[in-house]
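Asks: What follows is each chain in one-letter form.
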Amino acid sequence: MNDFMKFDEMFGMGDTHREPYRDYHRWLESQDTAWLRRKSDEAETVFRRIGITFSVYGEEEASERLIPFDVVPRIISSREWSRLVRGIRQRVQAMNAFLYDVYHHQEIIRAGRIPIELIADNEAFLPQMMGVSPPGNVYTHVVGVDIVRVGEDEFYVLEDNARTPSGVSYMLENREIMLQMFPELFARINVQAVGNYPKNLRRLLGNCAPRSCKGTPAIAVLTPGIYNAAYFEHAFLAGQMGAELVEGHDLRVVDGRVAMRTTQGYAPIDVIYRRVDDEYLDPLNFNPQSLLGVPGMFDVYRAGGITIANAPGTGIADDKALYSYMPDIIQFYTGEKALLENVPTWRCCEPDALRYVLDHLSELVVKEVHGSGGYGMLVGPTASNEELIAFRNKLEATPEKYIAQPTLSLSTTPILTKNGLDPRHVDLRVFVLVSSDEIHMTPGGLTRVALNKGSLVVNSSQGGGTKDTWVLEE
Amino acid sequence: MLGKTADGLFWMFRYLERNENTARLLDAGFRIALTRAAAAENEWTSVLTTVGAKPAFMEKYEQMKTTHVIDFLLRDPSNPSSVMSMIQAARDNARRLRTALTRELWSATNECWLTLRELLARPVRERELPFVLSTIQQQNALLNGTLHGTMMRNEIFNFARLGTFLERADNTARILDVKYYLLLPSVSLVGSSVDNVQWETILRSVSAQRSYHRLHKGDVRPREIANFLMLDLRMPRSLAFCYSKITDNLSHISKDYGIRQPCFEQAEAVFARLTDRSIDEIFESGLHEFIQDFIRDNNVLGRQIERDYRFYG
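Protein chains in written order, with the working numbering: chain A, 1 to 474; chain B, 1001 to 1313.
None of these hints come from the bench; they were simulated from the model.
Model, not experiment: these values are computed from the prediction.
Among the hints, erroneous ones may be present.
[Claimed, not checked] Taking beta-carbon pairs under 10 Å as the criterion, some of the chain B residues facing chain A (in silico): (1) R1096; (2) L1101; (3) N1110.
Glycine included, C-beta positions come from ideal geometry on N, C-alpha and C.
Using the sequences provided together with the hints, build the complete structure.
Replies: Spelled out as structure tokens, the structure:
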């Protein structure tokens, strides 16, 4: 798509600012760029001191890096936000109904709405979960929904993250730093607060505690450890929730409960907010090679002795092959048409779709069905000839591993560069909390920005940065 | 609190304390090296012995050169007790137990690490040494100040303090162990062989010159020095002071948990030996033996704390 069609969050299709940016734009115009640059450097110093870092796989040196932060916020009006909220709520409800169905009666398959191979041949499907009903029938306690925008009224869901979505700590720290750097802005503009996220997370996790739990539920965050890319976030959330941050070796099954080793002996846990993958939960039930898990934890789970959030096996709902069926899934479980659109998707396992994809490779984005983090992805319009050939070969050899989508011209937002403001493409991850009687979305989210001019890849592992995201008060 | 967290806190503060001690010893040793070149080699040998790094050093270097000692003790990654290794280990621990620390304390630790990493990126030249050593001490002071100013007085604080004082007691005892012969009464009788500089060095290596002189009006005597470093409850690096703090913190934990663990009795027994006798009695029954027993008991106590509070699996 050509640049002419690009939608900018601040300026729309023209060069006057859009309504949500009115007050910010007026403020911005009276600021000196050199001063903004100084503020930006100051923010980086603070981030470095606080140690808000992520680890990059495959980089020996400097394995702790900062995610670049841009000081120009992304602003969303309350009307736009309520529209997203309705769409995402519907989607997340359907997702949980789908997971319950897949692990119980599988009516959606019997109704012929999705092919059985999609479940049966899927690595993310956990047969051990068949017939298991998690407390409150909640499967995805925490979901990250990635939204992209291509026009004034055109929003798409790009991806669902229903396993262990990360990034929420950056949402919170970005706001924190903006409050420090530009306090006068928040006095002038009414921005909805995001700071209650940890409190809400704690409440919703507590609501999902096993029925046997009496009193205040004991909550722990399970992390793979300090070398994990998202360790900072695990520690951050545990700290903010007042929960213990545990690793597999701190845990053991004692008297039919999962318990953590404390200075006063083993203490039982009611809810585990796990930030490890399914296969590392329990070496007895899943991956016998894993050193990270807790032997027997899954047996306690089946017996109702602990809540695991998100439930094991939720990966089946955010799988990229399944993604293309989401409109049907929403229709099937809610009886409504999807309020938020999917990006049109070709499933390369279907011969007609594959033919189309191969014929239009240079226009499309091709993704691995099981990939994440922007790895193993082809962006047709910017790919070299060699890359196109390599992907053509991969597609022909194992088409079932790929899906393809049109290259969307993601909306842009100005960032502060050395030469002043310049637009860059962005997306938005919205964080959703789910319990049996409540679906909660923090008004804001994580705006990821592709810092390289023209790039459409926003992942932090691939040169992406972040911005504070403002949802205005009504 | 998780056993792992108690372990992380205890060792984090041992590492930080060790760095402070290493900086002091380097400062005292460097003063000798500058002022009496002939005595430098001896002094560096005792510094290395005090920090338990002599064998590792000798394996790497043939000569006891000042630049080598400085580099080995400050920067050498192959020396697990070098200042850089220690701050790295302390910061790793802090990352592990980040949820137990206040935001301010974590930031102070991280900043200490960032500062030292920058400062020790290249070999330290002799003329930069005083600045480097004072920066290490300043950073540590900031960290300790933040601990006191922002942390709740609970088990977290108690385990951190236990690490500090066990390490500090060990360090002061090791200085005494290496230099005990200078403090024996027989030496002062001979008079001429030992002069003030040696004693000043001992005081300097525990940052106690000014306090000592204020107390004794400039009269430097080995008996008084030994008393000051071992039994004086006002002196923050003395063995007795460290043990009054260790028993305090263990008593808080015991009250908090409603159970007295064996380590508490052990600590009280050591503390009693530092309060129920005079320095003359200690000299009479053998200074060196007393110090060596103390070092051993201090180590045993550390291991008992680890067991009683389930630091490991």
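Asks: With reference to the structure, classify each hint as holding or not holding.
Replies: For each hint, the structure was consulted:
no., hint, in the structure
1, R1096, "holds (6 Å)"
2, L1101, "holds (9 Å)"
3, N1110, "holds (5 Å)"
Violated hints for the displayed structure: none, as all numbered hints are satisfied.
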